[in-house]
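Undergrad: Here is how the chains run, residue by residue.
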Amino acid sequence: MVPELGHFALILALCIALVQSILPLVGAARGNDAWMALARPAAQAQCLFIAVAFGCLTYAFVSNDFSVKYVAEHSNTQLPVAYRVAGVWGGHEGSLLLWTQMLGLWMFAVSIFSRSLPQEMVSRVLSVMGMVAVGFLLFMLIASNPFERLLPAALDGRDLNPLLQDPGMVFHPPMLYMGYVGFSVAFAFSMAALIDGRLDASWARWSRPWTTVAWSVLTLGIALGSGWAYYVLGWGGWWFWDPVENASFMPWLVGTALVHSLAVTEKRGAFRSWTVFLAILAFSLSLLGTFLVRSGVLTSVHAFATDPKRGIFILAFLAVVVGSSLTLFAWRASKVGLGGRFALVSRESMLLTNNALLLVAAGAVLLGTLYPLALDAFGLGKISVGPPYFEAVFVPLMAPALFLMGIAPLARWKQASLPELAVRLRWALAVSFVAAIVVPLAMGHWSTMVGFSMLLAAWIAATSVVNLKAQLAHVPKGRIGARLAQLPRSYYGMLLAHLGVAVFIAGVALVKGYEAETDVRMEVGDTAHLHGYTFRFTAINAVKGPNYTAERGTIEVTRGTESVVTLNPEKRLYIVQNMPMTEAAIDAGFTRHLYVALGDSITPTTWVVRIYHKPFIGWIWGGCLLMGIGGLLAAFDRRYRARARAGSAQLAGAAGLNASAAG
Amino acid sequence: MLRARFLIPLAVFAAFIGILAVGLTLDPREVPSPLINKPAPAFNLPQLAQPDKTISQQDMLGRVWLLNVWASWCVSCREEHSTILELARSGVVPVLGLNYKDERADGLAWLARLGNPYQISAYDRDGRIGIDYGVYGVPETYVIDKAGVIRYKRIGAVTPEVVRDKILPLVKALNGNA
Amino acid sequence: MRKLLALLFGLILAGSVLAKEAPPAVPDPALEKRTMALAEELRCLVCQNQTIADSHAELAIDLKNQIREKLKAGMSEEQIRQYMVARYGDFVLYNPPVKATTVPLWFGPFALLVAALAGLFYYLRRRRSAAPQPLSEAEQARVQALLDSPEERR
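Chains as they are written, first to last, in our numbering: chain S, 1 to 663; chain P, 664 to 841; chain A, 842 to 995.
Chain S on its own, in the form it takes in the complex (with noise of 0.2 Å):
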């Protein structure tokens, strides 16, 4: 009863969505008030609906009905409450539900915080975000119905797969969802704006504070996932260019360029075909992730099981959404006017710069993803394109955007002058060559790579303490705290969120320059020596899981005399899909994390046990949170809420405090 009642709650959702995306948009042409005011409560209750079949298939789920065919492929009783929640995404029905769950909730959103909106951009907004909505609900009921039944009822699960029952699985999907579906609403405010033909700075800063939380949603649900793989698959790496994470990754890249285009298009009416590009650009690669997961086209770890007539689907759609975003941009872009004049150095060209950089980059991701596919496609042989690849052409291409990420927030708009920026950046370039020298040293010996990525990583962090200087400078020395809390949270999101990039290479670097492992043959008593830390291998003991039996290791961690901390790494082996998984056992500190994993038993006391020395990843992790709260930051300035009361548009120019200090 309850998975029919979600399957019409969906039905329900879709036949919303069909008004949703075509009234209000024709009512806006005509000027029809009664059918405009259509779009707010038709995504409200499109929202409602999509929820009410995501809460019917979390009931099926945690109720343990098998005759529910997606529970039965997905779910076990023996399963802990927490992960057959998570269990609803975790097959691709279900996530395709938590997908359009949160196209729901960010429609929701929209027609709750837009008051301050024109009618008519509210309604074409939320009439795009409906056209969406149905292509998903749609593709949900034809071919990906997560409420299909089971005939006869399965008597247990098959369980989630044992890689999946984590607490990363709990809280990455819906923040990596949130954060890529979350463009759907910058590109439905570009669409609308393309509609109406009036492409101005009051645009850019209605979806400005949207865009940049979703892109910091996105940052975190990154993060999130990478931190996941990091302890979940037991050999520490923390990034594998997986053609999957790939098609996270090139939202994330493109995501940051339209972050960054939208700040000039507010302030100084620029770059602004360029913009709505971007906005076009983030989203379809976030359709295209979707495609690549679903299809079955690229082989990855992360893949669902596939089908051809999915793949079909999706690609159809794909082809529609953007086709048509890509048609109507070429059609209103060309008529679009140039904007704020600036000169070649300035903060402006300085942005586009990077934009360009940044977007040639996710370019170089996109090609070596799909290469492979290409060059089948066209009979010329099979290939891979690994780590060795991304590395080699990312790293070069990344460096000069890091570079130039220090100079642009303090070059001024409309024209810089290079002399004087020169001035102002000496001691930051002095610092960051002093930093690029004593770092690698200080660790232990000198390494080129590790050298150059400081001397990046300081020079990001430098530029940023010379940024907040200058808005110090002529403040009398009684009034700095006063104008510290005047500046605003825009500029301190960018300045947290550049100096997250500064900690992040960080991170990166340390780790690749100076981790260290070693591989042991451990029997009970036995100790192994890395980087000055003595571990003690005490205990081995067999432990009873939820739905997992384990041997669990205890081994003791000293450094000279001083007790460090206790690690219990485990080796579980599921019981129901009869599969080992190796439990990482982790002691994170702020510069280093010591990590053990148990390989194979030899003898039940004796155990192959890997134990590695990593110092700074934690920074890798810590440099996405400082972007993601830098970001949200920034989404969250008065100014938006301040002049959204005004109400009244602002031209493009608008120069002052928040124009010289935002990035």
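Simulated from the structure, these hints should not be mistaken for laboratory data. Even for Gly, the Cβ is constructed at its ideal location relative to N, Cα and C. Honestly, I wouldn't trust all of these hints.
[Unchecked claim] The calculated lysine-lysine pairs, modelled on BS3-like cross-linking and capped at a C-alpha distance of 27 Å, are: (1) A:Lys913 x S:Lys382; (2) S:Lys382 x P:Lys701; (3) P:Lys764 x P:Lys716; (4) A:Lys940 x P:Lys764; (5) S:Lys382 x P:Lys829; (6) A:Lys913 x A:Lys874; (7) P:Lys716 x P:Lys829; (8) S:Lys512 x A:Lys874; (9) A:Lys940 x P:Lys701; (10) A:Lys940 x P:Lys816; (11) A:Lys905 x P:Lys701; (12) P:Lys716 x S:Lys382; (13) S:Lys512 x A:Lys905; (14) P:Lys764 x P:Lys835; (15) A:Lys874 x P:Lys701.
[What the hints assert, rightly or not] Computed list of chain P residues with no C-beta within reach of chain S, every gap over 10 Å: (16) Phe679; (17) Pro695; (18) Gln710; (19) Gln721; (20) Ser739; (21) Glu749; (22) Pro757; (23) Leu777; (24) Gln782; (25) Asp789.
Given the structure of chain S, go ahead and fit chains P and A onto it with the hints provided.
TA: For chains P and A alone, coordinates are given in the frame of chain S:
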């Protein structure tokens, strides 16, 4: 009013869709063998049924033959078995087996139970010869010509369609040319 | 007394046995390091996009053993790569070799970069010389509206 450069993204995207559409028809896991048109790698292995006798690819020189890699633990081998049996019984082409990473007793029992299509099965206990042949997904089937050159490789179960459309015409052609 | 001594001796012995330094998991760690480094670059054919090093599939283990044996026998990394390519094709290499069919792959990103920078430069130069855009009629109207709005007059 349309300007050409604004159409570039649309054109690039159309090309993408084309490639992705073709991609949907391909199997990303099927890897073509670099051994096609190369001499079949040499082996000299004990026979499955008679451990004291050996078999080598040299023994088949001058004949067009099939080498079928199989194992008793392999599920798809069972699936293709009736097809292989039928092909062998038709007498069009001699079929040799390569029993891959199997227990001898299991392999023999499997053949006794399901029927033995192979003139001889070579016994590749440690899978070393399998590696030389680039075997990665048992079953695999090779068509080898009179000069000992690999002409065709099938990865996965041989179906009656594959026999009809690929193997038989190829065998006929290879026999006719010499 | 003797018994006690023996016991004590036994305890010390037991203690020393218990506290012994764990031996490396493999007899030759240097060889293992080379083996794994090479295995990291090779794709496991039966897996879903995993390296031979990461995979626990039987074929991956066999191939790791092959690499180890061949390194031990004195073959170079490059020779072993050739050995793998001869059997499984370029597909096994995660680091695709530069050849006619991979030229666009390897040089594409840099071609893209050059194109992007050229386009950018062209755009910026053109833009600098472009005349300032007059406001459109709609924009004019809104400027007027803004100027007239009570909030702005305040």
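Undergrad: Decide, hint by hint, whether the structure agrees.
TA: Evaluation of the provided hints:
no. : hint                : in the structure
1   : A:Lys913 x S:Lys382 : violated (30 Å)
2   : S:Lys382 x P:Lys701 : holds (18 Å)
3   : P:Lys764 x P:Lys716 : holds (19 Å)
4   : A:Lys940 x P:Lys764 : violated (36 Å)
5   : S:Lys382 x P:Lys829 : holds (21 Å)
6   : A:Lys913 x A:Lys874 : holds (12 Å)
7   : P:Lys716 x P:Lys829 : violated (33 Å)
8   : S:Lys512 x A:Lys874 : holds (16 Å)
9   : A:Lys940 x P:Lys701 : holds (21 Å)
10  : A:Lys940 x P:Lys816 : holds (25 Å)
11  : A:Lys905 x P:Lys701 : holds (25 Å)
12  : P:Lys716 x S:Lys382 : violated (39 Å)
13  : S:Lys512 x A:Lys905 : holds (24 Å)
14  : P:Lys764 x P:Lys835 : violated (32 Å)
15  : A:Lys874 x P:Lys701 : violated (34 Å)
16  : Phe679              : violated (8 Å)
17  : Pro695              : violated (6 Å)
18  : Gln710              : holds (35 Å)
19  : Gln721              : holds (31 Å)
20  : Ser739              : holds (18 Å)
21  : Glu749              : holds (30 Å)
22  : Pro757              : holds (31 Å)
23  : Leu777              : holds (27 Å)
24  : Gln782              : holds (33 Å)
25  : Asp789              : holds (20 Å)
Figure legend: structure checked against the earlier numbered hints; hints not met, in rising order: 1, 4, 7, 12, 14, 15, 16 and 17.
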